[in-house]
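Put chain B on the given structure of chain A with help from the hints.
So the protein lines, in turn, are chains A and B.
Numbering (the working numbering) for the first sequence: 16 to 496.
Numbering (the working numbering) for the second sequence: 180 to 494.
Check each hint, because a few of them may be wrong.
Stated by the list, open to error - Derived list of chain A stretches under chain B, where covered just means 3 residues or more per stretch with a C-beta under 8 Å from a C-beta of chain B:
1) 25-33
2) 51-60
3) 95-102
To be verified - Think about it this way: if two alpha-carbon atoms lie no more than 25 Å apart in a straight line, the pair counts; the simulated DSS-like pairs of lysine-lysine are:
4) Lys24(A) x Lys35(A)
5) Lys364(A) x Lys203(A)
6) Lys44(A) x Lys23(A)
7) Lys243(B) x Lys35(A)
8) Lys422(B) x Lys41(A)
9) Lys330(B) x Lys317(B)
10) Lys23(A) x Lys243(B)
11) Lys143(A) x Lys155(A)
12) Lys434(A) x Lys203(A)
13) Lys422(B) x Lys24(A)
14) Lys35(A) x Lys422(B)
15) Lys330(B) x Lys422(B)
16) Lys44(A) x Lys243(B)
17) Lys41(A) x Lys330(B)
18) Lys364(A) x Lys301(A)
19) Lys330(B) x Lys23(A)
20) Lys101(A) x Lys483(A)
21) Lys143(A) x Lys483(A)
22) Lys143(A) x Lys434(A)
23) Lys330(B) x Lys24(A)
These are calculated hints, taken from the structure and not from any lab test.
No residue lacks a Cβ here, since even glycine has one placed at the ideal position from N, Cα and C.
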Amino acid sequence: MARTRTTKKLAQRIDLNYFKRPTSLKRAKFWLSAGLPAIALVWIAWHGFARDSRVYSSGRMSEAHAVLEAQCTACHLQTAGAFSAKASDAACSACHDGPLHHAALTNTAGCATCHTEHRGRVDIVAAKNESCAQCHGDLKTSNGVRSRYAAHIESLQNGHPEFAPLRREANRVRLPTTVRLNHAIHMKPIRRGPNGPNVQLECGNCHRPSAASPDLTYSDGRYVTATVSYGNRSALLPNTGILQPAKPATGRELMAPVKFATACAGCHLLTFDRRLDLGVPHDEPKVVHAFLIAAFSEYIRAHPAELREAVEPGRDLTGRPMAANTRVYTPNQWVASRVYDAEQLLWRKTCAQCHELSIRLAGAAPPVAPWLTVSPEQILTAPIFPEIQLAADPGPRMPHAKFDHDAHRGFACEGCHLKALSSTETSDVLLPGIAACKTCHAPGPEHAESRCFECHTYHDWSKRKEVKPTFMLPALRTGGR
Amino acid sequence: MRIDRTQRGWAIASLIMIAVFTAVYVAYAARAPQGPRGGSAFGLTFGVIGFGFMIVAALLGARKRVPTWRIGRAQAWMRGHLWLGLLSLPVILFHGGFHFGGTLTSVLMWLLIITVVSGLFGAELQHYVPRVMTSDVKLETIYDEIGNVRKLLREEADRAVETVCGPIGVGKSASEEVLRAGGLSAARPMSLTGSLGAVAAAAETAVLTEEECAPLRQFYLSEMRPFLEQPRVRGSRLGDADKAHGAFSGLRTLLPPPAQATVEDLEDICDEARQLVRQERLHHLLHGWLLVHIPLSLALIILGAVHAVMALRYS
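Isolated chain A, as found in the complex (with noise of 0.2 Å):
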């Protein structure tokens, strides 16, 4: 017979105090519960003992700051007797005193306003766009008085107005210009250049950065080691009064003006005479003069037979020919004669190609063209030079933010400045608009940056104020331990 059971018999088996009895796993709570919160307690002791904030901080540094992280006190000031150790502004001053966006802000928010610390590896200095929308999403100025930028930016994308020029341009306001230059005509192969027919310029013939050497396919020796009156710049003009990076530009953000002589004077040549194999100086009108009158005079020291002059004999109304004529200068006439032609051909054609040249007469309202001011009489006793207004650069086309060409420097210049390629005017603004900037910088991760820190500034850094060493290494590495 099998084995039977019955509740009662079932329950005789039970000791009655089997609760009284810790199992193992009731013993195991008990000491997990009680070993791991203990554990836990004893981890935090551990590094208050040690002084060691750092098993507090919300995560670890940018890359800025990295250098900080052993080092909790350099911003988390403390004042003697109070409990708040909150990263205060003074502590960020203490090393970055930059002065603020604009005097009539009406948000002087602190600085981890926009620049928040303890969110990894991260560059600080790119603040979100809604750091910037903050104000600029509905612009007001703290003096009320309206600003002249546009009042409602939230992004790259949304908001942010045509850049200036080109919204100039398209209410027919143009910068006025003193060189002619048809970027039509260059760009489009050219018949006869200074090596050979058929020359194909490129952009970077002419247009380089300030610090990248310049392309001398055409360029003059003469005129590149020839020093010149004018100011002769080749850098671009320093921004004032727009807010300035805090690094310091490379000369490689912006191009350099386009100079005669390394971009022009292959292809234009200045010369005046056929007698002579020479240009004049690319300079001031005086300075011309000048050199033709040194240069002719050498000339017919060298060559005086050339004071009998044949004149070319004419003919008659039957059409039979006339005696030959000759006529006999002094060398003064002589010269006078060969810079009275000269000029009329620089100041009529040569120089006029590129250059206004005027001439304002006393009493005599509008300029008068040069060429009817003197004769050849006067031309050494009176002189009188044409105004000749230099190459007005004006400067960068977007004072309110950086842009740098080198950062571009993979992609052909005509995907961008596609207007070059049929411009006709100086005045034509060559810029690119908004939307080429928007191909590439847009949000998402297949584009590139499109923050509004890629291209803005908050702080003008111009106006810095220089700092007073604070940290003491290897101290600051280790904490001070």
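Just chain B, lined up with the frame of chain A:
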């Protein structure tokens, strides 16, 4: 506690809460200049709510320790523990803006994640293990008494074998033990109606000869008793129901009819011992996750309090 229709109210309330929290977080995160942060007003609010949920969930332990407290029904506490504990994870993630932060906050986040996940694992086991226990362990006993019952089973088996084979030399006589235990053990006869009283009160007289008894004695001492002493040790064929049945069938063919009832009882004892092993394993599965859940949740509460104080100090 099973999560069934009776918890619909809690489930709906939790869904509404998480929907509201998510909507607030999305709106706040989209407008926060430097992204969501624990130190912002919204971040702090999420932190306070999340920590509050954790504390309420942790108070279940205190409520269990003092069952006489008349603060809500135990069932309500358990439901609150389940749902608020679950909600605390997303709320704390909203608090930190899905950043784990520094050392302490990372430790806290992982503690919370492990605690919540272990809790979910435990809640899921509540749906599965009891059902398996009911089907697989028909002879279930009190877990704490498994060791004692196992010992009694061994003694019962000793006595059954001694009944037919005489003393088998396994230490003190089973009958002595029964007498010492005062009859409150399995050594007491479960059935006195058996032909040979296989599990009857200890009989000192053997009913089989030495030669007839040899297969039973050898099987019992070399195989069954070691199994009853350490049933969790792998390798014994008695640990497997099919193999055990085969072993006992073979043994029956070697024994004369008077020993057949004893073999049947021994097989029954083996089956009960196997069920106790199964119960033990299921019990460890059903309650083992608490070894992770409870200690970590206590550490979480303590470190969370430290974090709250120090975060207020530094931000």
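What's the verdict on lysine 330(B) and lysine 317(B), does the C-alpha distance respect the 25 Å limit or exceed it?
With a Cα-Cα distance of about 19 Å, the restraint between lysine 330(B) and lysine 317(B) holds, given a limit of 25 Å.
Proposed proximity, lysine 434(A) with lysine 143(A) (alpha carbon, max 25 Å)
The hint is violated at about 33 Å.
CA of lysine 44(A) to CA of lysine 23(A), is that 25 Å or under?
Violated, at about 32 Å.
Can you confirm whether the C-alpha distance between lysine 41(A) and lysine 330(B) stays at or below 25 Å?
holds (21 Å)
Between the alpha carbons of lysine 330(B) and lysine 23(A), is the straight-line distance 25 Å or under?
At roughly 19 Å apart (the allowed maximum being 25 Å), lysine 23(A) and lysine 330(B) satisfy the hint.
Given pair status - lysine 155(A), lysine 143(A), alpha carbons within 25 Å
Between lysine 143(A) and lysine 155(A) the Cα gap is close to 20 Å, so the pair holds against 25 Å.
Given hint lysine 483(A) paired with lysine 143(A) - CA-CA distance at most 25 Å:
Violated. Lysine 143(A) to lysine 483(A) sits at ~30 Å, over the 25 Å cutoff.
Holds or violated: lysine 35(A) to lysine 422(B), with C-alpha atoms at most 25 Å apart:
Violated: lysine 35(A) and lysine 422(B) sit about 38 Å apart, past 25 Å.
Check the hint pairing lysine 330(B) with lysine 24(A) against an upper bound of 25 Å on the C-alpha distance.
holds (16 Å)
Three residues or more, CB to CB closer than 8 Å: is that satisfied between the region 95-102 of chain A and chain B?
This one holds; 5 residues, not fewer than the three required, reach chain B with a Cβ under 8 Å.
Do the alpha carbons of lysine 101(A) and lysine 483(A) lie within 25 Å of each other, as the hint requires?
Status holds; Cα separation ~22 Å.
Assess, step by step, whether the Cα of lysine 364(A) is no farther than 25 Å from the Cα of lysine 301(A), and give holds or violated.
Holds, because 17 Å separates the two Cα atoms, which is no more than 25 Å.
Of the numbered hints listed earlier, those contradicted by the structure are 6, 8, 10, 13, 14, 21, 22.
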